Amino acid sequence: AQSVTQPDIHITVSEGASLELRCNYSYGATPYLFWYVQSPGQGLQLLLKYFSGDTLVQGIKGFEAEFKRSQSSFNLRKPSVHWSDAAEYFCAVGLSPAQKLVFGQGTRLTINP
Amino acid sequence: KAGVTQTPRYLIKTRGQQVTLSCSPISGHRSVSWYQQTPGQGLQFLFEYFSETQRNKGNFPGRFSGRQFSNSRSEMNVSTLELGDSALYLCASRFTDSTDTQYFGPGTRLTVL
Chain A
1 AQSVTQPDIH ITVSEGASLE LRCNYSYGAT PYLFWYVQSP GQGLQLLLKY
51 FSGDTLVQGI KGFEAEFKRS QSSFNLRKPS VHWSDAAEYF CAVGLSPAQK
101 LVFGQGTRLT INP
Chain W
1 KAGVTQTPRY LIKTRGQQVT LSCSPISGHR SVSWYQQTPG QGLQFLFEYF
51 SETQRNKGNF PGRFSGRQFS NSRSEMNVST LELGDSALYL CASRFTDSTD
101 TQYFGPGTRL TVL
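So the sequences go chain by chain: A and W. Heads up: the first sequence is residues 1 to 113, going by the numbering used here. Heads up: the second sequence is residues 1 to 113, going by the numbering used here.
Keep in mind the hints are simulated off the structure, nothing from the lab. It is possible that some hints are incorrect.
Here are the computed distance ranges between Cβ atoms for each label pair [what the hints assert, rightly or not]:
(1) L95/A to F69/W: 21 to 31 Å
(2) R15/W to W83/A: 20 to 30 Å
(3) G3/W to H10/A: 26 to 36 Å
(4) T111/W to S52/A: 34 to 44 Å
(5) Q17/W to I9/A: 12 to 22 Å
(6) A1/A to P61/W: 12 to 22 Å
(7) P79/A to T80/W: 32 to 42 Å
(8) P79/A to P61/W: 22 to 32 Å
Quick caveat: nothing in here was measured; it's all calculated off a predicted structure. Where is the CB? At the ideal position from N, CA and C, for every residue including glycine.
Isolated chain A, as found in the complex (with noise of 0.2 Å):
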């Protein structure tokens, strides 16, 4: 079955430092790759997806994503955070973009001032 992995619970980075949160999925083929934010008491919004074609995709809020195939992962980065960025972040997986998703556990992001 698929499954996917965020290996960090909580991370805590300072304001305008960098940041890379880290997905894992395991799965027969290449899947559909999401990550999404939620903030505290929100739904979900998507920061960006990988179907297909260049490896590095771009996202909104200045975030980027690289689907590497060979690692099975697709991490999420951002080059200088804002505090505005502290939410909850879920990498996800799909068979197709008609099959439901499987999320990951989450990564709580906290940013020191």
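Fit chain W to the supplied structure of chain A, relying on the hints for placement.
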């Protein structure tokens, strides 16, 4: 264009009762999916409806059911509530089965006492 709306936003029920949650998708979207989010289990897929038909189902007991109306609005029902059903229930919509992105609503927070 209005986003996905869910009503009510908050609910408190007691064990043994039943509850119905409502989701109105983005205008023109025909697919609606439901997810349960709990601190222990994370985000888990419940079911997906497309054109009034259940197309996909997750691993939840039969107490969890849903339906979709001709206007694409969806409801999910949980009968004989248990304490463990306390969760944030998220609804997501997308245009058709060929569309890649699911857009999430703010969720309904259900508390079972």
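Now for the hints, and whether the structure bears them out:
Between L95/A and F69/W, the C-beta spacing of about 28 Å keeps the proposed range 21 to 31 Å intact. Between R15/W and W83/A the Cβ separation comes to about 41 Å, which falls outside the hinted range of 20 to 30 Å. At roughly 29 Å, the beta-carbon separation of G3/W and H10/A lies within the given 26 to 36 Å, and the hint holds. Separated by about 42 Å at the C-beta atoms, T111/W and S52/A satisfy the suggested range of 34 to 44 Å.
Separated by about 33 Å at the C-beta atoms, Q17/W and I9/A break the suggested range of 12 to 22 Å. Take A1/A and P61/W: their Cβ atoms lie about 19 Å apart, and the range 12 to 22 Å holds. The beta-carbon spacing between P79/A and T80/W, approximately 51 Å, falls outside the hinted interval of 32 to 42 Å. For the hinted restraint 22 to 32 Å between P79/A and P61/W, the CB-CB distance of approximately 46 Å leaves it violated.
Hint compliance for this structure: hints 2, 5, 7, 8 are not met, and every other hint is.
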